[in-house]
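2 protein chains.
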Amino acid sequence: MTRRLHLNAFLMENGHHEASWRLPESDPHAGTDVAHWKRMARIAERGKLDSLFLADSPVLWGDIGRRPSGALEPTVLLTALAGATDHIGLIATASTTYNEPYNLARRFASLDHISGGRAGWNIVTTAGLDAAQNFNRTHLPSHRDRYDRAAEFVDVSLRLWDSWADDAVLADKAAGVWGDDDRLYPPAHIGPHFRVAGALNLPRSPQGHPLLVQAGSSENGRGFAARYAEAVFTAQQTLADAQAFYVDLKRRAGAAGRDPDTVKILPGIVPAIAATEREALALEEELDRLIKPEYAKRQLAEQLRVSPDALDLDRELPDGLPDEDEIEGAKSRYTLIVTLARRERLTVRQLIGRLGGGRGHRTFAGTPEQVADAIQHWFDNGAADGFNIMPPVLPRGLADFVDHVVPILQHRGLFRTGYEGTTLRDHYGLTRPANRNAAPVPA
Amino acid sequence: MTRRLHLNAFLMENGHHEASWRLPESDPHAGTDVAHWKRMARIAERGKLDSLFLADSPVLWGDIGRRPSGALEPTVLLTALAGATDHIGLIATASTTYNEPYNLARRFASLDHISGGRAGWNIVTTAGLDAAQNFNRTHLPSHRDRYDRAAEFVDVSLRLWDSWADDAVLADKAAGVWGDDDRLYPPAHIGPHFRVAGALNLPRSPQGHPLLVQAGSSENGRGFAARYAEAVFTAQQTLADAQAFYVDLKRRAGAAGRDPDTVKILPGIVPAIAATEREALALEEELDRLIKPEYAKRQLAEQLRVSPDALDLDRELPDGLPDEDEIEGAKSRYTLIVTLARRERLTVRQLIGRLGGGRGHRTFAGTPEQVADAIQHWFDNGAADGFNIMPPVLPRGLADFVDHVVPILQHRGLFRTGYEGTTLRDHYGLTRPANRNAAPVPA
Ligand SMILES: Cc1cc2nc3c(=O)[nH]c(=O)nc-3n(C[C@H](O)[C@H](O)[C@H](O)COP(=O)(O)O)c2cc1C
Ligand SMILES: Cc1cc2nc3c(=O)[nH]c(=O)nc-3n(C[C@H](O)[C@H](O)[C@H](O)COP(=O)(O)O)c2cc1C
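Chain order of the listed sequences is A and B.
Quick note: the first sequence uses full-length UniProt numbering, first residue 1, plus one each step.
Quick note: the second sequence uses full-length UniProt numbering, first residue 1, plus one each step.
Be aware that one or more of the hints could be misleading.
Since copy identity is lost for identical chains, a pair holds within one copy or between any two.
[Claimed, not checked] Straight-line C-alpha distance at most 25 Å; calculated BS3-like pairs for lysine-lysine:
id : residue 1 : residue 2
1  : Lys173    : Lys292
2  : Lys173    : Lys297
3  : Lys250    : Lys297
4  : Lys292    : Lys250
Treat the hints as calculated values from the structure; they're not laboratory data.
With the rest of the complex left out, here is chain A (with noise of 0.2 Å):
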C-alpha cells in the first residue's frame, strides 16, 4: 500500500490569522456558539479528515481587544462535536501542569467511551506566569520540572486507563456479579508530584486510552515526545527544519525502544487558498491589512522579554536577545520567532504580519493545486507524515481545503477516500494499545 498522508484540522474561532475576525463573514461571537464549532466538525468530517484539534491555555491572554477569546473547556467542547460528528478523531489540549491526573485521564476515558473511541489528547506543560498564577502559584515552576510533571502525569494516566482488565466486567446478572474485583489494578502510585491509589471509576475505554499528542519541540519536548507521543503537531518553517526535526524525532523514538512509524509528526500549514495563486496573496494582504500592530508588538515583546520601546516597527530585532537556555517559557517557539526574523532579516512590523498569519507555522498562499503541491513536497521528502492544517479564515478556510485540496490528494493516491477503521487511532494507523497489567490470557 502506498504511503497515507494523515491530516489534522486545527479549528480556532474565526480562524488561524489574528484578523480573520474582523472580514464582513466573521462573526465575532462564533467562539462561544456551539453550532459554529459544530459546523466546522461536519465540514472536517465531510474531508475525511483523521482528526481535529482545539488548543488550550487555562488563562485569559491579555489584550481582549485583539482578538476573540472566550475559550470553551476543550473536552467538554469536543463532547459535545462527538455527538455532532460519526468518524473523525476528536484531540483535546489539557495540561499536566496545572490538572490532577485522577480527573483528568478520567474526562479523556469519558470522551473515549461517549465518542466511541476518537479521543485523543495534547499533552501540553502550559508555559507562562499568568497561567501558573491561576493555580495557586506566584511562580512559574521551570521547564525541567514542568516536563517531569508532565512525564510523571502521564505514567499515572496510563495506569489508570489500564486499571481494568478488558475483561473486568462480567454482568452475571444470575450470579449477581457484575464485575470481577480480581481483575483491577490500582495504580497504587507514590511518586515525586502524585500519589494515586484506586483504580479509575470507567471500564478500559474503546481505544486503551485516548491517542497521545504532543507538541513543544525543544530538547524537554523532544525527549517527551520521544516516549509517549503517538502523534506530534509542530511548526517548521523550512523544509530544512522540518526534515531536520523528523529525522531527530524519529531516531528519539527509537532510541526510546518503539517503532518509529507509530510516531506520527505533523507539521502546521496555514494555507490561503484561492482560484488564482494571485487571489490567494490578495488574500493574505487584506488579512495582514486588518492587523492591529500596537497589539502583536507588546506580545511580542512579552514573548522576546524586551520592553515594547526596545522594538521599532520599521526595524529588525535588537540585538542582546537572551538564549534558549534562558528561557522557562515556550523555548521551541522562542527560537522560532528569532531564527525567522534574523535569516528573513524581518522587520519588527514584518515579522508580525508572519506571526499574525500562523503564530509561527508555515504560511502559504496558492491555489489548491499548489498547496496540494506544497504538501506532498514535504511529505515525499523526508519532513511529514502529514500535515496540521490551519485555515487562516474559518470556516470557509477549511471548506475550501476539504472541497479542493483533498480531492486533487485522493486522486493522487495520497489520501483516504472513506474512513476505512471506527477509532483515531485506526485513523493514524496505530493499533490498540494492550492493557500493561493483564496478564496474558492462558491457552
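With chain A held as given, fit chain B with the ligands onto it using these hints.
Same frame as chain A, but now just chain B with the ligands:
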C-alpha cells in the same frame, strides 16, 4: 398563580435500586453507553421536568461485583446530553475538595454556553478517605476544612463567572477592537486555600453562572446551603423530618440575608409505580430479592465504622455506634441510617433492603395516583418545593413517572404543561444574577 412543583430526574445507570441491573430488561453496560443516557434525558424532557441530575465521586467504590460501577465524568456526559435535548436543565455534581476553581468554574461556564443556559452545579465536598487517596492525600481533610474550602471555592468561582462584564465584548470590526479590557474584573483572589489572579477565559454565560445546588444536610452543610444554594437535594424519610429540615433551611437562608423563596428544597423519592398497589409492592419485592446482602453488609459496616462481623443480618444494629460528631465523612447520611434503623427497629437485613432501594431516600410503592398524592401531601404541608425523582429501575421507572404521574400533577395544576422559559433558572423561577462587579449603567 398557584404555587408550582419543581421536579428533578436523578439519573443512574440502571436505576436507584442496587439490584436493578439484574432485571431482564436492564443493559448492564448502560453506564458507559451514551445512547442510554440520551434516551433517559429525552424521557425527562418529554415530562417537562425542570432538570436532570448526575451524582458523582472521583473514586471507584469498592466491590464492582455489586452493581455497575462505571461513571462517565458528569460535566462531559451532560455536554453530550445538552446536544440531545432542548429545554431541560442539566445538573452535574463536582467536588470542591478535589478540583481547582479556575478549571471547574470554566467547565461549568462552558456547559452553560453550550447548553444555552441550562447548567447547574451540585456542589459537594466528597466524603471518604479513598477519594482523598486518589488526590495526593494520605488523610481525609476534616469535615470543617472541606466546607471551608468549599465556601472559598464558590466565592472564587463567583468572581470568575463575574470577571467579564455582560457588555465586555464589543465586537467592533471597524475599529478592530474585539473586547474592552476595562470591563474585565480579574479576581486577584488570595485566600487560605486558593490564589487566583486572572479573569476567566470566557465571556459571562447565559445564566450569569450555573444554578448552585447542594445536597449535604449536616450542620456545616446546612450553613453552606443557606449561603449559596439555589436548590437543595435532601434525603428525608418522614413528613415530620422533612418539615423540620424545610423550616430550618428557609430560616437559615433568611438569616443569611436571602429571600427564602430563592432556595428550592427537593427531598428525594424512589417511586415504584404500577397499575395497582399490589403490583408496585411486587416490583419492590422482586428487586429486594435480587440484593446480595454480603456486599451491602460490607458497605454498611464501613459507613457505621464497625467490623462486618459486628453486624448480624437477622438482628438490629449493635449498641455503641459513634455519634455524628465523630464522623468526618458524610455526617447527615450516617445519622439518617442509624435513625431509620432504630426508629423502625429494623434488622440489618431489613435495613439493607431499605437502603438498597433508595440509599436512605424515601421509597414509595403505589399507583400513579398514590405517587401523585404522596408528592402533593409533602408539597402542600411545608416539606418540599419539589422532588428529586429517583426511579428504582431505569429507563422504565422514569417513563412510568413521566407518562402516568406527571399528567396527574399537571391536571391538578401543580406542574407545568410546557416549558415557559429557556434556562434552568427560568424553570426554577429564579432570576439571572446581576454581575457583582459591573458598575450600574449610568442613567
Ligand atoms: C500546533 C501546536 C499547537 C500547540 N498548542 C498548544 C496549546 O494548545 N497549549 C499550550 O499550552 N501549548 C501549545 N503548544 C505549545 C507546545 O505544546 C509547548 O507547550 C510549547 O512549545 C512549549 O514547549 P517547548 O518549550 O518544549 O517548546 C502548541 C504547539 C504547536 C506546535
Ligand atoms: C440527593 C443527594 C445526592 C447526593 N449526591 C452526592 C454526590 O453525587 N457526590 C457526593 O460526594 N455526595 C453526594 N451527596 C452527599 C452530600 O452532598 C454530602 O456530601 C454528604 O451528605 C456529606 O455532607 P454532610 O456531612 O454535610 O451531610 C448527595 C446527597 C443527596 C441527598
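inquiry  = Hint by hint, where does the structure go against what was stated? Just the numbers, ascending.
reply    = 3 and 4
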